[in-house]
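J.: Spelled out from the first residue to the last, the chains are:
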Amino acid sequence: MSGKRIDVILPVPLTVIFSVMKKDKVVEIEEAVVRFAGDSGDGMQLTGSLFSDSTAFAGNDFATFPDFPSEIRAPQGTVSGVSGFQIHFGHKNIYTTGDLADVLVAMNPASLIANMKWAKNDAIIIVNSDEFTEKNLEKAGYKENPLENNSLSGHLLVQVPLSTLTYEAVKELDLDNKSVMKSKNMFALGIIYYLFNRDYTKTFAFFESKFKKNPLIVEANKKVLTAGYNFAETLEVFKNTFRIEKAELEKGRYRNVTGNQATAWGLMAAAERSGRNLFLGSYPITPATDILQELAKHKQFTCITQQAEDEIAGIVSTIGASYAGSMAVTTTSGPGLSLKSEAIGLAIMTELPMVIVDVQRGGPSTGLPTKSEQSDLMQALYGRNGDAPCIVIAATSATDAFYSAYEAAKLAMEHMTPVILLTDGSIGNGSEVFKIIKTSDLPAINPPIVEANDPEYKPYKRDPETLARRWAIPGTAGLRHRLGGLEKEDITGNVSHDPLNHEKMVKLRQEKVERVANYISDLKVDGADDADLLVVGWGSTYGVLMTAVEEMQAEGKSISLAQFKHIMPMPKNTLEVLSKFKRILVCENNMGQFVSYLRMQFPELRYEQYNKVQGLPFMVSELKQKFESLLNE
Amino acid sequence: MEQKIEPKAITLSKEDFGSDQMVKWCPGCGDHAILRSVENVFPKVGEELGYKKEDFVVVSGIGCSSRFPYYMNTYGIHGIHGRPAPLAMGIKLANPKLSVWLISGDGDSMAIGGNHFIHIARRNPDINYLMFNNKIYGLTKGQYSPTTPKGQKTKTSPQGSFEAPFNPGELVIGARGKFFARALDSNPKLMQDVFLAAALHHGASIVEILQNCVIFNNKIHALITNKETKDDNQIVLEAGKPMLFGKEKNKGLKLDGTKLKVVKLGEDGVTLDDILVHDPTTEDAGIHMMLSAMAPPEFPAAFGVIRAVEGETLEDAVWNSVEHEKEVSPYKTMDDLMNSGNTWEID
Numbered sequence: 001m002s003g004k005r006i007d008v009i010l011p012v013p014l015t016v017i018f019s020v021m022k023k024d025k026v027v028e029i030e031e032a033v034v035r036f037a038g039d040s041g042d043g044m045q046l047t048g049s050l051f052s053d054s055t056a057f058a059g060n061d062f063a064t065f066p067d068f069p070s071e072i073r074a075p076q077g078t079v080s081g082v083s084g085f086q087i088h089f090g091h092k093n094i095y096t097t098g099d100l101a102d103v104l105v106a107m108n109p110a111s112l113i114a115n116m117k118w119a120k121n122d123a124i125i126i127v128n129s130d131e132f133t134e135k136n137l138e139k140a141g142y143k144e145n146p147l148e149n150n151s152l153s154g155h156l157l158v159q160v161p162l163s164t165l166t167y168e169a170v171k172e173l174d175l176d177n178k179s180v181m182k183s184k185n186m187f188a189l190g191i192i193y194y195l196f197n198r199d200y201t202k203t204f205a206f207f208e209s210k211f212k213k214n215p216l217i218v219e220a221n222k223k224v225l226t227a228g229y230n231f232a233e234t235l236e237v238f239k240n241t242f243r244i245e246k247a248e249l250e251k252g253r254y255r256n257v258t259g260n261q262a263t264a265w266g267l268m269a270a271a272e273r274s275g276r277n278l279f280l281g282s283y284p285i286t287p288a289t290d291i292l293q294e295l296a297k298h299k300q301f302t303c304i305t306q307q308a309e310d311e312i313a314g315i316v317s318t319i320g321a322s323y324a325g326s327m328a329v330t331t332t333s334g335p336g337l338s339l340k341s342e343a344i345g346l347a348i349m350t351e352l353p354m355v356i357v358d359v360q361r362g363g364p365s366t367g368l369p370t371k372s373e374q375s376d377l378m379q380a381l382y383g384r385n386g387d388a389p390c391i392v393i394a395a396t397s398a399t400d401a402f403y404s405a406y407e408a409a410k411l412a413m414e415h416m417t418p419v420i421l422l423t424d425g426s427i428g429n430g431s432e433v434f435k436i437i438k439t440s441d442l443p444a445i446n447p448p449i450v451e452a453n454d455p456e457y458k459p460y461k462r463d464p465e466t467l468a469r470r471w472a473i474p475g476t477a478g479l480r481h482r483l484g485g486l487e488k489e490d491i492t493g494n495v496s497h498d499p500l501n502h503e504k505m506v507k508l509r510q511e512k513v514e515r516v517a518n519y520i521s522d523l524k525v526d527g528a529d530d531a532d533l534l535v536v537g538w539g540s541t542y543g544v545l546m547t548a549v550e551e552m553q554a555e556g557k558s559i560s561l562a563q564f565k566h567i568m569p570m571p572k573n574t575l576e577v578l579s580k581f582k583r584i585l586v587c588e589n590n591m592g593q594f595v596s597y598l599r600m601q602f603p604e605l606r607y608e609q610y611n612k613v614q615g616l617p618f619m620v621s622e623l624k625q626k627f628e629s630l631l632n633e
Numbered sequence: 001m002e003q004k005i006e007p008k009a010i011t012l013s014k015e016d017f018g019s020d021q022m023v024k025w026c027p028g029c030g031d032h033a034i035l036r037s038v039e040n041v042f043p044k045v046g047e048e049l050g051y052k053k054e055d056f057v058v059v060s061g062i063g064c065s066s067r068f069p070y071y072m073n074t075y076g077i078h079g080i081h082g083r084p085a086p087l088a089m090g091i092k093l094a095n096p097k098l099s100v101w102l103i104s105g106d107g108d109s110m111a112i113g114g115n116h117f118i119h120i121a122r123r124n125p126d127i128n129y130l131m132f133n134n135k136i137y138g139l140t141k142g143q144y145s146p147t148t149p150k151g152q153k154t155k156t157s158p159q160g161s162f163e164a165p166f167n168p169g170e171l172v173i174g175a176r177g178k179f180f181a182r183a184l185d186s187n188p189k190l191m192q193d194v195f196l197a198a199a200l201h202h203g204a205s206i207v208e209i210l211q212n213c214v215i216f217n218n219k220i221h222a223l224i225t226n227k228e229t230k231d232d233n234q235i236v237l238e239a240g241k242p243m244l245f246g247k248e249k250n251k252g253l254k255l256d257g258t259k260l261k262v263v264k265l266g267e268d269g270v271t272l273d274d275i276l277v278h279d280p281t282t283e284d285a286g287i288h289m290m291l292s293a294m295a296p297p298e299f300p301a302a303f304g305v306i307r308a309v310e311g312e313t314l315e316d317a318v319w320n321s322v323e324h325e326k327e328v329s330p331y332k333t334m335d336d337l338m339n340s341g342n343t344w345e346i347d
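If you read the protein sequences in the order shown, they are chains S and V. Residues in the first sequence are numbered consecutively from 1, following our numbering. Residues in the second sequence are numbered consecutively from 1, following our numbering.
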C-alpha cells in the first residue's frame, strides 16, 4: 500500500477540470442507471441493496437487477468472479432495470473489463485505482492499463485509491486488515450517495442493526461511508451532482420486492384467502430456490415446505398434498420442469389443483443457470405425453409475480387443474417497488370442495360452467373414491379403457382448460388499436417493450403494444385485437416459441418476429432501432 | 403437537373396505391373499388407532401390485411408476390424521423408485409401506428386477442376470429406517400380524411381502415356502422370544463372534440360554441387518417384525414447528408480513 497518496486523476480536458473546480451544482434529472461491479467477495449486492433502500427513501421509483456468476467464489480478480448490481431509478415510472449505466463503479480491473459494455459512452466511471496493479490487470486480461492509455476517454473517469482511503478512514480503530477491506465498498457507496444527494441516516441504522454484536464494525462502516461522501464533496470530483424528484407514485405504502419473493407472497396470500394450507414440494434449483427459501420461513401461516430428494419427488408430494386438500405448489426451473413432465400428466389426469412455478433460465440442459430466457414456453404448453392441456400464465414483472401467483392458485383451485406459472431469472432476481395491498382486496377464491356425505358426489361429475370436477378431500365421510393415472370413466371415475369414453375425457380436459378464457382479463393494447405496428410480447419482456413503445409513441410514431400474460388459454378477444393491425412483430427471448404458437392458433394472420437469445433482456435502444426500421420500410 | 389420534370407539368390518370393482390379477397370484389380509386388518387398525373408514388412504405406484387402490373401498391414488413414496408423504404431511398405506412392488420400489425408497425410510413419516417382492417385472411380462437373483434367466437376461440383487431389508436399515418386517403371501395370519404391527408403529413401517408371480416367476420363493423345507427355512421372529425355528422348534440362532450361526438345542452343549432373544426395539442395527440378510440354504429367512425403533416422525416434527411458529411469529396474517421490514409511505 503506498500510504498517503490521495490523488484524483481526471483524464479530461482542462476546461472541464476548471468547471470541476467550481462549486458543485445540483442538476435535476429524470432518471439514472447505476451499476456496481466488483469481485464476488467485494459486497456489491449489499452495496446495491443499500443504495436501493436509500432510493426508496428518496421517493423514487426503481427496479434493480443483480448480475452474478454461477460460481460461488470464482478465482479472485478474474472476469468469471465478477458480481454486479444494476439499479434504474427515476422520477417517472420505471419499467426496466435500464439498458446502459450512467455511473459504473468498478472495484477492480476484472469488473471494469467485464462491465464496460454496460456503460454509456459518456458514463461516469469510478474505479478503485489501488487494484489496478500489474498482476490484477493481467488476471483481468488487460494488455495495458486502461487508466493510462486513454482507452476510456469520453467517459468521466474517476480514479480513487479506495483501499488506501478506507485504511486512512479507520486507522484509529483497532481493526484487522480483513475487516477494513470488507468495508471498502462503503467508501464507494459514500461517493455515490454524494453524487445523488442521498441521506445516509437509514444506512447507518442498517449498520447498527446488522452488526449489533460488533460495535467496532458499525463504527468502521459509518466512518468509511462518511469518508467516501466527504471525499467526493471536498475534492470536488464531479462537476455537478444530481437530484431526481420524487416519483409520481400512487398514494400508499410501498416496499421493495424481488420477483421470487413476490411469487412466494402471492402464493401465501392465495392460501390465506382460500382457507387452505399451503404445501410446497420442491428441489433447490437456480434461479427458483429463493421461493422455497422464502416459503420455508413462514410456517406460522401453516405453510408446509418439503425439500424433496429430487424434482420428481417435489411434484409428486405436491400431488399427494393436493389430494389431501392443500393448496399445493411446486417450484422449479427449466431442467426441473423436464423432470416433472410425467407427474404433471398425472395431475392433469387426476384433475387435482396445483401451481407449478417455472423460473426460466437459459437452456437447453444446464445452459445458463444464472441468466434469463423465455425458452420453456413450448415445454410448458406441450411437454407431456398424451393430449395434456394445462393452464399457462406468465408474470410480466417482479411485482406482477405477486398477482400472477395469486391468480395461478385461484385458477388451479377453482378449475381443478394444474397451472404452470412462468417467470424467469430476470423477474425472479430483479426487484421493483411494490405497492402494499390488503389481502382482503384480492378476489375471493372458492375451491369446489365437497361437503361430507353429499349424495350427489361422483368423482368425475363436473360443474356445468367450468367443467371442473369437485374436490373431495380424504377424511371426509361418504366421499371415498380412487384417482389415478389410468383413464377414468366419465362421472363415475371407474377405470375405463372404453375408446369413446377416452376420447370424451380427452375433450373434456381440453375444454375445461379452454373455458378458463371466460375467467381471465381481456388482452389490452397500449396505444392506438389500429397503429401501423403492433408489438407483441409475453411475460417478463413487458417493462422493456413498454418503455420502448412509449418512447416511440412520445416521438409521434404509430406503434402499440399488446403484452400477453395468459398464454393457455389466451384472452377471448385475442384475434379481434390482433386482426386490427397490419403488421405484428412478436418479440421474445427465445427462437420464436410464442410466435409459433400464435401462428398455430391464428394462422390467418401474418407475424414477424424479433428474437434475442443471449441470456440477457432486450435493451430499449435495440428494440427502438428494430421498430424504427420496420416503420420506415 | 402429537398427531397420533386418541383411540375412540370405532367398529368397522371387512365389508367396509371391500370394493365393487372386478379384481383383475391372474388367478393364483399372491396379490389376492395380500388384498384379503389388508381388508381384514383395516378394521383392527381403525379400532386400535381410532381411524374412521374415511381416514384410510391407499396409494401406489405402477405395476401389478399397484392396482391395489382400485380394489379397496377407501380414498386412494394410483400414482406414477416408482413414486408412491413422495405421493404418500405429501398426503401424510398435508393431513397427519389420515392412515396412509402405500402399495408397491420390487420394480417400483427398488429400481425406478429406489431413490424415494431410501429417503422415505430416512425421513420416517408415519406411513405403512407394503412392498410386494416377486423378484420379477410382471406387468411388463417377465424382465429381471433389482431383486432377481444373479444368474436367473428372464426375457431380458436370456444368459442369466449379470447383476447382484438388492435385499430390501438391508436397504431400509442402511438408510437408517426404523421399521422393517417381512411377511409371506401364503401365510395370512403372519401377514395380518405384521400389517397390524406396521400400523401400530408410529413411523415409516416398511414391510416386504414375499409374493409369488404365478405366471412369470412361479415358485421363486419355493425354498422358503415348500412344505418339505419351509420349517427349516423360515424363522418367525417375536419380540422378547428366543430365535427358534424348525419343525420341532429345536433349531436356533446364536451369535458366534460377530456372525450369526444356526445351532441345534442339545447338540454340542447348546442350551436355550445360548439362543439369541429378539429385540426389534434396539437402535443398534447390527443384529437387525444380519437377520434381514439371512437366506436359505445356510440360514432360514427371517419373518415378522425384524426392526421397530421409536423415533420422531416427519409430520410430527413439521407440525410441531408450525404450532411453535404460530405462537412466536410476529406475523399473524399476510397483511402483517407485507407491512413488515423496510416500507415507506408516498402521500
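Simulated from the structure, these hints should not be mistaken for laboratory data. The structure displayed is predicted, hence computed values, not measured ones. Don't take every hint at face value.
[Stated by the list, open to error] From the structure, some residues in chain V lie toward chain S, with a derived Cβ separation under 10 Å:
#: 1; residue: Ile62
#: 2; residue: Ser66
#: 3; residue: Ile91
#: 4; residue: Asp335
Ideal Cβ positions, reconstructed from N, Cα and C, are used throughout, including at glycine.
J.: None of the hints should be skipped; say for each whether it holds.
T.: Structure-based check of each hint:
1. Ile62: 8 Å, holds
2. Ser66: For Ser66/V, the interface hint holds, since the closest Cβ of chain S sits about 9 Å away, which is under 10 Å.
3. Ile91: 4 Å, holds
4. Asp335: 6 Å, holds
In the structure shown, no violation is registered for any of the earlier numbered hints.
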